[in-house]
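Colleague: For reference, the chains in residue letters:
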Amino acid sequence: MSRHLIAVILLGFLSLSIKSVLVSEWSAHLIPDAVFLLVIISAKYLKAWTGLLVAFLLGCMTDVFSESPAGHHALLRLISFYLTITLYNQFQLDRTVVFVPFVFALSLIDSIGAWVLISLIGMKAGLTLYGLGGLLLSAFVNAVSAPILKGAYGFLVRFFWKGNRTRAVDSLADSH
Amino acid sequence: MRDFLKRIRLPALLIFLVLLTVLSMLEHNDFRQRINTEGNIFQRLLLDAARPLQNLIKVPSRFISGAWEDYVFLIDLKNDNDRLREKVLHQEQEIFEYKEALVSSGHLQRIAEMRSDFEVPLLPAKIVGQDVSPWFRSVLLERGINALVQKGMPVVADAGLVGIITATSPNTSRAMLILDRQSSLSGIIQRSRTRGIVRGDGTRALDFVLMVEGDDVEEGDVVLTSGIDGIYPKGLVIGKILKMKRDKESLVQIVQITPSVDFGRMEQVFVMEKRGPTMNLLYGVSGKPKIDTLGDQGVQ
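Heads up: the protein sequence lines correspond to chains S and G, in order.
Residue numbering for the first sequence follows the working numbering, starting at 432 and increasing by one per position.
Residue numbering for the second sequence follows the working numbering, starting at 86 and increasing by one per position.
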């Protein structure tokens, strides 16, 4: 499990490094938020408490790569992870046809949550119609790329851990 | 009891982490607080570890986007355009220097004083990455504490003002762009000497807030830093007035500025190795660069 955890953290770090470079060349809205997707997808493979820690750490890492106040992305990633493990079985998120709209909706919630948080702590965060269009585009890009990333993640898990996985969604159900 | 502990373990961890993030955000929400706090080891390690990786990724990324631009948009046309743009930039800079010298005073002594204000050592720094969040605008630079970069130092490009250093690690630093919504500085119109506040609005343009409705502003006017905020030195080009935003109900007049720096194409910037008085007040004297290290090497 610890190898899996380190692998997810390293993948997140790699994604952030790649994104920070790609943003200079292409529009930010056209690049999928790989860390956000990693947090959602890992819910299927990590234990709930490990997943929470991973979400927190990946969020903190995102804050370092951004001008955002420390903790901003960490809180958003925690909420995304918790929502995913809570709704995973209920909505049968294993099915791609449900997973894609779920990612779209969660991505929008994440973006609007980011805006609300920035405003709540007294920072300036203007949300124009153009900005809203950008958020919708980002959510769409995330939703479209989610099944691809999910497939790749699943392949890596099967390849390296031979299907030995503990589902956060199951452990959450056990705790209730 | 064991079952109970097992059951509350997850919500307890969640509540603990949420509280941690909220407290951290409240601690760092203010720009001055953020800039005054030393970066932790986690931040320094990450920024430094990312640098070689970003440099590695940058090569194929630039190659692909460069190839796209060169071959899809005709090689000759682009090269000619680049050459002419560079020429115009140099000529604009020369004209600006003459204008600024004339408008400022007309007295040679005062012009000399102004020039000495500009003569700040500039440290070239390549941009290795940009902000990963769509809500903030910053860039990651390839120079850090080891190159004497400190928080609060202004960052400029050949075309004008870029922003300010907000985080440092031994080999990397992060600069908040003037486009960021949290950025605010004092500006002055070169022609009419009208003062106002230049604010980032998160897009590719800037807002110039004038305190008095009806101030002498015309489209195309050049806006410079006034220097009275104590953060940026006086006379750096910010941009040109693009259009007026008339709001009859407002007591202040807001005009839109096009930044002189093309932030999308920016590859290299210069860190001014001198902080403004406001930044020195924030940091105290401890942050003063140690320039005598070269002297020590010379003695050996």
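Please keep in mind that the hints were generated in silico from the structure rather than gathered at the bench.
The beta-carbon is built from N, C-alpha and C at its ideal position, and this holds for glycine as well.
Don't take each hint at face value.
[To be verified] Below, a list of computed lysine-lysine pairs in the PhoX-like style, where the Cα atoms sit at most 25 angstroms apart:
hint, chain 1, residue 1, chain 2, residue 2
1, G, 91, S, 555
2, S, 555, G, 330
3, G, 91, S, 478
[As the list claims (entries may be wrong)] Stretches of chain S that chain G covers, calculated by requiring three or more beta carbons in the stretch to come under 8 angstroms of a beta carbon on chain G:
hint, segment
4, 440-452
5, 481-495
6, 518-531
7, 573-583
[What the hints assert, rightly or not] If the Cβ cut is set under 10 angstroms, some of the chain S residues that face chain G in the computed set are:
hint, residue
8, 456
9, 459
10, 460
11, 565
Colleague: Hint by hint, which ones does this structure get wrong, listed from lowest number up?
Modeller: When the structure is compared with the hints, numbers 1, 6 and 7 turn out to be violated.
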